[in-house]
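Peer 1: Protein sequence lines, in the order shown, are assigned to chains P and A. Using UniProt numbering, the first residue of the first sequence is number 1, and each one after it goes up by one. Using UniProt numbering, the first residue of the second sequence is number 1, and each one after it goes up by one.
Mixed in with the good hints there might be a few duds.
Unchecked claim - Computed cross-link-like contacts, DMTMM-like style, restricted to lysine to aspartate or glutamate with a CA-CA straight-line distance of at most 25 Å:
id, chain 1, residue 1, chain 2, residue 2
1, A, Lys129, P, Asp126
2, P, Lys129, A, Glu138
3, P, Lys153, P, Glu81
4, A, Lys119, P, Asp91
5, P, Lys83, A, Asp91
6, P, Lys2, A, Glu149
7, A, Lys116, P, Asp126
8, P, Lys153, P, Asp91
9, P, Lys153, A, Glu127
10, P, Lys209, P, Asp36
11, P, Lys119, A, Glu127
12, P, Lys205, P, Asp183
Hint data in this document are derived by calculation from the structure and do not stem from the laboratory.
Number of protein chains: 2
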Amino acid sequence: MKLYSYFRSSASYRVRIALELKGLPYDYVPVHLLKDGGQQLLPEFRAVNPDGLVPALVLDDGQVLQQSVAMIEYLDEVHPEPKLLPGNALDRAYVRGLALEVACEIHPLNNLRVLKYIKRTLGVADEAKDAWYRHWIELGFAAFEANLERQGKAGRFCFGDTPTLADICLVPQVFNAQRFNIDVSRYPTIARIQEACMELPAFRKAQPKEQPDAE
Amino acid sequence: MKLYSYFRSSASYRVRIALELKGLPYDYVPVHLLKDGGQQLLPEFRAVNPDGLVPALVLDDGQVLQQSVAMIEYLDEVHPEPKLLPGNALDRAYVRGLALEVACEIHPLNNLRVLKYIKRTLGVADEAKDAWYRHWIELGFAAFEANLERQGKAGRFCFGDTPTLADICLVPQVFNAQRFNIDVSRYPTIARIQEACMELPAFRKAQPKEQPDAE
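Okay, chain P solo, but in the shape it has when bound (with noise of 0.2 Å):
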């Protein structure tokens, strides 16, 4: 399998979590966002992804999936061991919805070219655009830490203790949030779960820090 990806992707950032969970090889194949005004948008990479977003993984036999929940829902029914989902459908649903707080209500709204029309098109200054780009963070995370609270579900991770696509998904918007300066402890069970999801090689590996395009 071969992952386009951006170190600091935190889309891309779920896939690779979930490529080292299931312990499946790739190649890495960087797109810088930055670069070239945006290297996701040039040809080369749009005959990979029409839609001009990283990440994309691209299967042995050139199948290219889009969408990195997709993906992932993809890898945990192909690979099924160690599975990413609970065993029951109720159990799945709320660790869908969970997943999806991150994916639909948090990230859309923190992507490079959302900031980027904010910015350039809507004309609002960095400092507005900073607190934009927490107000959805918190919004979030208060959101979903209730939602931990409530369900009781949570143990040493969102489900039970070992990590799925909850934790997949929450690890990398952290990580987000550290770099505007948000202070997770102000989510005591998303801070508990983020340290222990750090602990696990998958999560560390797949870090943008670790990654062979990292600045």
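Take the given structure of chain P and dock chain A to it, following the hints.
Peer 2: Just chain A now, kept in the frame of chain P:
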């Protein structure tokens, strides 16, 4: 089951389509996103869904599911006929990828709470706000259309000749596009699939104007 819904919420519309396709009866509980400063933010609703987001799906035993795509995956697992995801992993990844192109790349940017922030906090004028709304739909639909063509898996619907999660996410987004005067005929495959979906009673019954809280 009970669905907390707002007639115009496209995430609610997705779940309504899935419930109708499965033939599952449910109670409709309207949550008005504009009245009372947003009824989704009132303590009564937050007791159901602490996120303050519609839809929320309450199962007969009182369990609450969050995030529309997670709800639809749940319904598809527990009530498998008619299936909303294809039979093999690669095709499921394709369908989920399309669904998430809407759910992660378009819809989150055009959420009511996001539009409010842009207007009130960033002080963006209505005209620029509407251009923002259209920008993300146009970008997303161009990518969606390109993927439909490239993959060649569309039949009458996004995947083959029965509706899937991809159509369920696409159709409400087309409704939003039309409300903002986007000419959907510029995306011929999307336009064709939209028409095919609207021939099905499930998509018609679930549409905004058929809901008890429609205005």
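Peer 1: Next step is simple, just say for each hint if it's right about the structure.
Peer 2: Verification of the supplied hints:
In summary, the hint linking A/Lys129 to P/Asp126 is supported, as the alpha carbons are separated by about 19 Å, within the 25 Å threshold. This hinted pair checks out: P/Lys129 and A/Glu138 have alpha carbons roughly 23 Å apart, not beyond 25 Å. Taking the CA atoms of P/Lys153 and P/Glu81, the gap is near 21 Å; set against the 25 Å cutoff, the hint holds. Between the alpha carbons of A/Lys119 and P/Asp91 the distance comes to roughly 38 Å, so the proposed pair goes past 25 Å and is violated.
Straight-line distance between C-alpha atoms of P/Lys83 and A/Asp91 comes to about 20 Å, which keeps the hinted pair within the 25 Å bound. The hinted pair formed by P/Lys2 and A/Glu149 meets the criterion: a straight-line CA distance of about 23 Å does not exceed 25 Å. For the suggested pair A/Lys116 and P/Asp126, the alpha carbons sit about 19 Å apart, so the restraint of at most 25 Å is met. As the CA atoms of P/Lys153 and P/Asp91 are separated by approximately 9 Å, the hinted pair is consistent with the 25 Å bound.
A C-alpha spacing of about 45 Å is found between P/Lys153 and A/Glu127, which places the hinted pair above 25 Å, so the restraint is violated. Under the criterion of a C-alpha separation no larger than 25 Å, the hint pairing P/Lys209 with P/Asp36 is consistent with the structure, at around 22 Å. Restraint check: the Cα-Cα separation between P/Lys119 and A/Glu127 comes to about 17 Å, which is no more than 25 Å; the hinted pair holds. For the hint pairing P/Lys205 with P/Asp183, the CA-to-CA distance comes to about 24 Å; that is within 25 Å, so the pair holds.
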